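Taking our numbering, the leading residue of the sequence shown gets 972, the next gets one more, and so forth.
In short, the hints are calculated from the structure, not lab data.
Quick caveat: nothing in here was measured; it's all calculated off a predicted structure.
All C-beta atoms in this analysis are idealised placements derived from N, C-alpha and C, irrespective of residue type, glycine included.
There's no promise every hint is true.
[Claimed, not checked] Cut-off 27 Å, straight-line C-alpha distance, at most; resulting in silico cross-link-like pairs (DSSO-like, lysine-lysine):
#, residue 1, residue 2
1, K1061, K1081
2, K1065, K1055
3, K1081, K1055
[Said to hold, decoys possible] Computed spacing ranges between beta-carbons, pair by pair:
#, residue 1, residue 2, range
4, L1018, W1149, 26 to 32 Å
5, Q996, A1112, 37 to 43 Å
6, F985, R1020, 49 to 55 Å
7, W1156, E1194, 25 to 31 Å
8, A1186, P1136, 54 to 60 Å
9, V1093, S1070, 15 to 21 Å
10, S1103, A1144, 46 to 52 Å
11, A1162, V1050, 52 to 58 Å
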Amino acid sequence: MRRFIKENSLSLVFGLLFILALVGQALAGWHQFNDQQLGEGYHQITLGRYLLSADFAVDVTENWQSEYLQFLLYITATVWFLQKGSPESKELGKAGLESDEDQMVGPHAKDDSPRWARVGGVRTALYSWSLSLVMATIFLASWLVQSVAGWAAYNETRVGQLRDPISWPAYLANADFWARTLQNWQSELLAVGSMAVLAIYLRQRGSPESKPVGAPHGATGLEG
């Protein structure tokens, strides 16, 4: 058990932090929602009902979709785009998909390489893009859930204001949907771009996201 915890401590720590943050968000969001209900003259709801509400669903999924978009864009953009001096970039001469030998696929695979990297054909091609494909699937799924939950929450507000609800396609063209979406996208893109540039000049000893402390600023694709 100790060995398992040590070898998987990064995922375990982030998994625990995720659960704690989600629970905290649920409790805070519940109290905020009930406070708004009281202010508007409506009845308060239970925590269980809030967890099944459109308001909670849209608050959660609008963050999930932006996070997975961030990773999807970063994973694919760093295939072709480079940043001199950044450990977040590949080396300057390695832009592109690289050779089969560099990627250890097909006849260049090792004995302990994943099976789908060794078999060639469609399976190797799919496995070569499996990370971005899964990220894209999660992004699109969470964005779809966000749009449906946001639509339901938006219509609840409209009905409370004695206004007619709108259709889902109409909501997709509505400013409420795009305001929720873009406010998350811009922050994620800023964070990723800042990390790529700041890591050129700043260091964190012992982190693979940073260059070694003594590495020159111009060193590219070098991890600590």
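Hint check:
Distance check on the hinted pair: K1061 and K1081 sit about 22 Å apart at the alpha-carbon level, within 27 Å; holds. Between K1065 and K1055 the CA atoms are separated by roughly 12 Å; this keeps the pair inside 27 Å, and the hint holds. A C-alpha spacing of about 31 Å is found between K1081 and K1055, which places the hinted pair above 27 Å, so the restraint is violated. L1018 and W1149 have their C-beta atoms about 30 Å apart, which keeps the hinted 26 to 32 Å range intact.
Look at Q996 against A1112: about 20 Å separates their beta carbons, and that is not inside 37 to 43 Å. The given range of 49 to 55 Å is broken by F985 and R1020, whose C-beta atoms sit roughly 29 Å from each other. Range check, W1156 to E1194: Cβ separation about 27 Å, and the 25 to 31 Å hint holds. The hinted window of 54 to 60 Å between A1186 and P1136 holds, with their beta carbons roughly 58 Å apart.
Remark: the range hint 15 to 21 Å for V1093 to S1070 is upheld by a beta-carbon distance near 20 Å. The beta-carbon spacing between S1103 and A1144, approximately 28 Å, falls outside the hinted interval of 46 to 52 Å. As the Cβ distance of A1162 to V1050 is approximately 20 Å, the hint placing it in 52 to 58 Å is violated.
Checked against the numbered hints listed earlier, the structure breaks hints 3, 5, 6, 10 and 11; every other hint is satisfied.
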